[in-house]
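Asks: Listed below, chain by chain, are the residues.
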Amino acid sequence: MIPELALAAALLPAVTQEADWKIADPDYQWQFPQDHWAHSGYRTEWWYFTGHLESSEGRRFGYQFTFFKIGLLPNRPDGASQWNAANLVMGHASITDPESGQHRFSEVVHREVPFLAGFGTFPDTLLAWSQAPAGTDGRWELSFEESGFALDMRDDRRGFSLSLQTEPDKPRIFQGPNGFSRKGAGESAASQYYSYSRLKTAGTVTLDGVSYSVQGTSWMDKEFGSDQLDDEQVGWDWFSLQLDDRREVMLFSLRDEEGEIHSRAGTLVAADGSVQWFDPGNQWLRALSSWESEKSGVEYPSGWRIRLEEPGLSLELRPVMANQENRSSILPDMAYWEGAVDVFDDAGNTIGRGYVELTGYGDAMRPGI
Amino acid sequence: MIRLLLQSTVRQFQSDKLLHLLTLLGIALGAAAVVGVQILHQSAIAAFAGSVQAVRGNSELTVFGSAPSFDERVLVDVLGTVGVESATPRVQLSVAVDPSSGDGFLELAGLDVLSLASLPYREEFELREALSQPGWLALTAEGADRLGLSLGDRVNVSCGSRTAELQLSNWVELEQLGPAASPMRGVMDIAALQQLLGQIGEIHQIDVALVEGQEPDSVAASLEQRLGPAYEILTPSQQVGQAEQLLGAFRLNLTALSAVSLFVGFFMVYTTVQAMLVRRRREFGVMRCLGTTRGQLLFLVLGEVAILGFAGSFLGTLLGIGVAQGSLADVSATLTNLYVLEEVRSLALSPSLIPLALLAGVGGALAGAAWPTLESLGRPPRELLQSQPVHERLHRVSGLAWWIGLVLLGGTGVWCLTWGRQVRPAGFVLGLAMLLTIPLITPRLLRVWKVVPAHQFGVLHGLRSLASRLHGSAFCSASLAVSVSILVGITMMVSSFRSTLESWVDSVIQADVYVTAASYARSRSDAILEQSVIDELVRHPAVREADLLRRVDSRIAERPVPLIGVRMDLPDGTRRFPLTSGEDPEPVYRRLQDEQAVLISQPLARRLGLEDSAEFDLPTPEGPQSVPIAGIYEDYGSESGAVAMDLTTMEALFGEGPLHSVSLYLDEGTDPEQVVTALAARLPEVPLEIRSNARLRAEVFRIFDQTFLVTRTLQLVTLLVAALGVATTLLVIAEEGRSEVALARSLGADRPQVFRVFLGKGAGIGVVGVILGLTGGMGLAWILVHLINRAYFGWSIRADWGALFMVPEFASIGAAVLLASLYPAWKASRTPAVELKRDDS
Amino acid sequence: MSTPQIVTATTNGLGVSMKTSNSTPALRLDGVSRTYDGESAAGRAALRDVTLAVEPGRRVAVVGRSGSGKSTLLHLAAGIDLPTTGSVELFGRDLSKLTDRERTHLRRNEIGLVFQSFHLQAHLSVAENVALPDAIAGAPRRPTAERVRELLDRVGLGDRAGDVPEKLSGGEQQRVALCRALLRRPRLLLADEPTGSLDEESGQRVMALMLELVEEHDSTLVFVTHSRELAATADQILTLRDGRLCEPT
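Chains as they are written, first to last, in this note's numbering: chain X, 1 to 369; chain B, 1001 to 1841; chain D, 2001 to 2249.
Treat the hints with caution; some may be incorrect.
Label-pair distances were calculated between CB atoms; the ranges are [unchecked claim]:
no.	chain 1	residue 1	chain 2	residue 2	range
1	B	R1226	X	A271	51 to 61 Å
2	X	W30	B	P1099	56 to 66 Å
3	D	E2212	B	L1018	40 to 50 Å
4	X	D20	B	P1621	33 to 43 Å
Derived DSSO-like pairs: lysine-lysine, alpha-carbon spacing no greater than 27 Å straight-line [to be verified]:
no.	chain 1	residue 1	chain 2	residue 2
5	B	K1450	D	K2167
6	B	K1450	B	K1827
7	B	K1827	D	K2097
By construction, these hints were calculated from the structure, which means they are not laboratory data. Keep in mind the model is a prediction, meaning the values are calculated, not measured. Even glycine gets a Cβ: it sits at the ideal position worked out from N, Cα and C.
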C-alpha cells in the first residue's frame, strides 16, 4: 500500500485547507487500463515497483523504481511559458546488491515541463518520464502495454541502470474495498490504491558497466490521493511480502510522534488471487533490532517479528542488508529506508521475500503527502 | 634609538608645523587618490561579483549564450553532461519600474522551483503561492523600501513595451548571499517572469553545480564541446574577470591619474626632506663627530619620514574613502550606462587597501626622502659642519639632465612609432617617458630666468634668483609641470573626445524622434517593442519615414558586441553609419542590401584587426558564419565594437525577431516635441522612452560628462597636491633664504618688497611649470588621443587643440600657484634683518 | 630740528667724544641697553647703558673681545635692531619712534653696510650686486649703471663687472661689497669686521680703500674690528667690554 512519498517537508509543507484538490473517494469509478495513467487534480500519485531479481549467473538483486507525481497546483496555470506546470515529476530508483554489500540510490526531480519530464495520457504507452539525473543522458521511462509495465532508468554517475519488463503473474487487486485505503480519521486521509502483487519480471540490470540478464518477481503499487496523512501522523512502516506458497501480504501502520500506531491495514492475497482485507491490530509488529545510518544519522528498526491473528501468520523478516537507505541529494532532509527482506517461518525456514519501507524516522522526515 | 626617533620627530614637527602639515597633506592626497580609485574599482567589481553570487546557489559554472538569451531546451544537453550535479535555468531581466512606483530598474531573476525554494526569505516561503499567485515577487527588503513597497503592495514594471503588475509577496534576503550586490533585485517564478516580461522559450543562463571532485575546467570543456560555439561556459571568477576586463580601460585611466597625484606628493616629500636636511646639517655633523654612525642617522631621518608617511597613509585612506564615497553615484551611473553592469551601492573596503595605502604613503614618502638623505648623509662629517648650504650640484648636472631627458623622450617616441606600434601599452610607455622627461629638463629650463635683469628689487629679482637656486625650485616646477601636463592632457583629450562626439552625433542622430522601451537603457535586447506599438507609432500623420532597429546582443572575442539591424534602404540614411574611409557611401549601402554584407565599427575593426579584411566570422545561433564586410564605420557607442546590417540580413542570420527601437523622420516643419507629446498620449499604457532629436543629444552628452566626472575630481586632487608643492617649496626657500632676506632688509628693502620677491619666485616656478606643463600636456593629449585611446578603446578622436585656450583651466592653475605663494611670501617678508648676524656668528 | 651745541658722549660720566660741532651727530646712543630674551632667566645684556655720539665725518673704530657687544652696537646703529632701553638717534631721528618702514627707508638712503662675510648674492653679477641697493630703492636704471661703473673702476674692479661673485677673491668680494655699501652715497657707513675674513694684505688694502672712499663721499664711518692696527687708523676708538663702553685708550 503506502509506498512512501517522502517529499521533504521543507519543499511542500502540508496544506490542510486546499479545497481545490480532489480527495480519495470510496465510490471512485475505476476504469482500466485508463486508471494506470496519471490522474490530474490529486496532490500525490505514484507508480511503485519493488522486486527481487536474479541474474543468469545466480547473482541476487533487489530493486525499487518509482515515479511520483507531486501536485504543485491542482491545475496547470494559464500561460504560454513551458514552465507553467501543475506538477513535479520525481523518480526514485535503487538497487540492492547483497554480493557486494552495496545499496545505490538514484533520483530525479523536475517540473513537469515538456522537455524535462511529464506524464503520458491514454492511449499512449508512456505513463511517466523524466530526463535522467544530471550527468546522464537520456530519459527515465515507465510505460504500459497490454502485456504489462516496462521501466527504464539509468544513472551513469551512480553506475547502475534498470531495464525491466513485467507481466502480471496474478491479477490486479484493490487495497481496501473498491481500492479505497483509509489512512486516518480526516476526510481526505485516504487514497485510491491498487496493486499487482506478483509481476513476472525480466530484463537487464547494469552495475558499474557490467550487464546482468535478470529474471524475478516484482510488486507494483499505484496510489493517488490528496492530503492523506492526519496532522499527528509522522510516518509509516509498510510491508509487501511474497510468500513461496504464492500468497502475498501487504501491511502498513502509520505512526505518530511517540511511535504509537495510529492507523493500520492489511491485505492478504490468496494463491488464487482472492483478497482478504483485515485489521492487523495494534500489536502485530515488533522490531527485533535497529540500524543507524551513518550518513543521515537516522535510526531505523531492522528485522521484525510479525504476528497476525486473523489470517494466522507468524513471520520473521530479516533485511538482506542493513543499509538500504535512500537519501536524497536534491531535497534536503529527505531519507527513508526501502529494502529487500527475506521472510522466515518460526522454524527459521525461508518462506518468501518481501520489501519494507520505513518513513518518518528522524527529525523533519515527515513525508509531505 | 626609537625613543630618540620619536622625540626628534615631534621636535621636527613642532619646529615647522606648517611645512610638515603641508607635506603630510600632500602625501595624504596622493595616497587618497590611489586608495580612492582602488576602492571604487573594488566596489564596482564587488557589486558585480555580488550579483553573480546572489542567486547562483552552489553553482560553479554558468552557461551563457552568445546572445543574452537562448533556447531553454539547451538545459537538456547541460543536464546530460558528465560531471554535472545539477543545472538550474534562469531568466534574468532588467525591468524598468513604473515612475508611479518610484524610478529606476529592478534586476529580476526567474527561477525554477528548487532554486526558488532554497533562497533565504524573511517570511515563510509558500511554494504554491509563489507558483500560482499572479505576479508573485520577492524583493530584497532594502529594494522594497526604496520603492516604498510593503508586503502585498503592487508595482508596475516593464521590459520592452510589455508591462506587468507584480505583487510584493515576500522579502528575499539576497544580501546574505552577495552582500555587495545592488539591492534593487528580486526573484520570481521562472514561468511567470518569462511570460510576463521575457520571451517564451528563452532563458538567460544556466547555473551548473558540479559533482564533488569534478574539475570545473574539464566539465566546462565537455559542455563547450557539447553545446557548440554559440555558448560560453564561465566560472564565477571568470564572470568577474570578464567584468574586470570590461572595466580595464576605465580602471587604467583612473589608476594612472591617481599615480600622478602620488608622483607629485613624492616631490613634496623630496622638497621637505631636503629643507630639513639643510637646516639640520650641523646637528648631523655634530652627531657624526660624536660617534653616531651613518646608518643610525639614516634610520633617524628615514624613520621620521616614515612616521610622516604613515600618518599620511592613514589620513589618505580616510580621504580616499571620502573621495570614493563622493564619486560613487557617478561611477555607478557610468558603469551602468557604459558597461550595463550592476549599480554600485556601497563601498567595498577590503584589508588589501591597508598595504596599498602604506605603499602609497610610506613608500612614496621614503622614495622621496631617499635620494636627498643618502646624498647629504653620505658626506663626511667635516663637510656637514660647514655652514655653506648644499652646494649647487644641480647647476652642474642640469645640462646633462636636459640631454638625458630629451634622449629618453626622443628614443621612446621613435620606438613608439616604429617597433612599439604593435605593443598595446606603448602609449603608456611614451606617456611615462614624457612625465619623466619633465623633471629632467626643468632645472635647465629654470635657468632661463638668468636673463631677467635684476635692477629692480621685486618680482623680477625673485624670478632671477630662481636661476641660481635650482634645487628646491626645480623639483617644485617639475611637479607642477607634471600635474599641469596631466590636467591639460586629459582636459584636451576629454574635450577632443567631446567635440569628436559632437560631430559624430550630428551625423548619426538624424531622425526627429527616437522611441525605445523605458527599460532599453538596461535590458537592451530584452527590451522588445511589440509590433502593435510600432504600428501605432508609425501611424502618426506627421511621420514621413520610419527607421526600425533590431538589436541582437552578441559576444565577439570575449566581449559584448551589439549587432544592429536597421533599414539600410532608408532614403538619405547613409550618414547614420559614417564610413571611416570617406568613400562614396552609396555602393557600400547597396552591398549591405544586396550581398548581405555588414558594417563593422571602428573599435571592433581595431580590436580584431579587421581593418583590411573582406569578411569575418559572426557568431549566430547556427555557429559562426562568415559575412562580407562592406565597410568600417565610426562609432562611439560601444568600446567593444558593434556590427550594423540590414534588417533582412539580420533575419537571414538570426531568424525572425522582435524590434527594439524606432526612429521617426517627420514632415518638414513639424515640431518634434509636439509629436513626442502626441505619441505618448497615443500609447499611454506603454512604458516608452520617446525622445526628440535634441533630447537624445542632450542625453548623450549628459552621460559623457558624467563619465569623466571622476577623472575631473582626480585632476583636481592632483592640482591641489601641486599647489601644496609650490607652497612647500616656497616655504623651504623662505626658510633657507633667511639670510638673503635679512641682507636685503639691511640694505633697505621693506617688507612689501620682500613679499614681491617671493611672489616673483612663485611666479617663476609657476610660469616654468605651466609652460612646461602645457607643452607636456599637449604631448600627453596627443598620446592619449592617438595612441592610448586607439589601442585601448579603438576610437579615433580628432584632436581639438582649440581646447588649449580654455580659460578656466589655466586661471585655476594660476590661482592655485598664486595662492600657494602668498603665505610663504608673507612669512619671508617677516624675516627680520637681524637674522643676518646668525650667519656671521 | 634744533641742535644742541655740545655733544658729549658719556658712559658713567666718562667723556668720550669731545669734539664740538654745530651739526647734528650722525649717530647718537643715549643710555642704550640691549637685552636678549631666553639666554638666561634674567636675560643677557649685550649692551649696557651705552651713551655715545658720533659727529659727522668722523671715523670711529669699535673694538672689544668676542661677545663684548660690538655687533649689537652696529645693528642698533643700522636700525635693524632696537634697544631694550635708551634711544638711538640717527641724524637726529630717534629710531625707536620710527615705523619699520621709515627705519627701512632711512637705512636705504642714509646707511651703508659692510659685513665680515661680504654677503654678496651668488646669483647676481658683480655689477648687479653693487646695484642692489638702487634696485631696492627703485632708482632709475641708467644713472645707477653709471654710478656702478664709476665705483667699480674706483676700486679697480671695472673689468669684473659681469662676473659672478664666486669667481672673485675675498678681497675683491669685499671691495664689491664696499661699492654696494657706498652706492647710494650714505651719510653713515657701518662696517662689521670688514677685514675679518681676509688675509692681512688684502685686509689692509680694503681698509685703506674704505677710508679713502669715506673721505671722498664725505661719510661718517663706524667700524668694528679686532685689530688694534686697523683701529689706529680711526679718529676715535670705542672699546666695549661686556657690553659697556670703556675709557678711550
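Asks: Please go over all the hints and tell whether each is borne out by the structure.
Replies: Against the structure, the hints come out as follows:
Remark: the range hint 51 to 61 Å for B:R1226 to X:A271 is upheld by a beta-carbon distance near 54 Å. Look at X:W30 against B:P1099: about 59 Å separates their beta carbons, and that is inside 56 to 66 Å. Between D:E2212 and B:L1018 the beta carbon distance is about 49 Å. The supplied range of 40 to 50 Å therefore holds. For the pair X:D20 and B:P1621, the beta carbons lie near 41 Å from each other, so the given range of 33 to 43 Å is met.
At roughly 17 Å between alpha-carbon atoms, B:K1450 and D:K2167 fall within 27 Å of each other, so this suggested pair holds. Pair hint B:K1450 plus B:K1827 holds up; C-alpha atoms about 25 Å apart against a cutoff of 27 Å. Distance hint between B:K1827 and D:K2097 is fulfilled; the C-alpha atoms sit about 25 Å from each other, no more than 27 Å.
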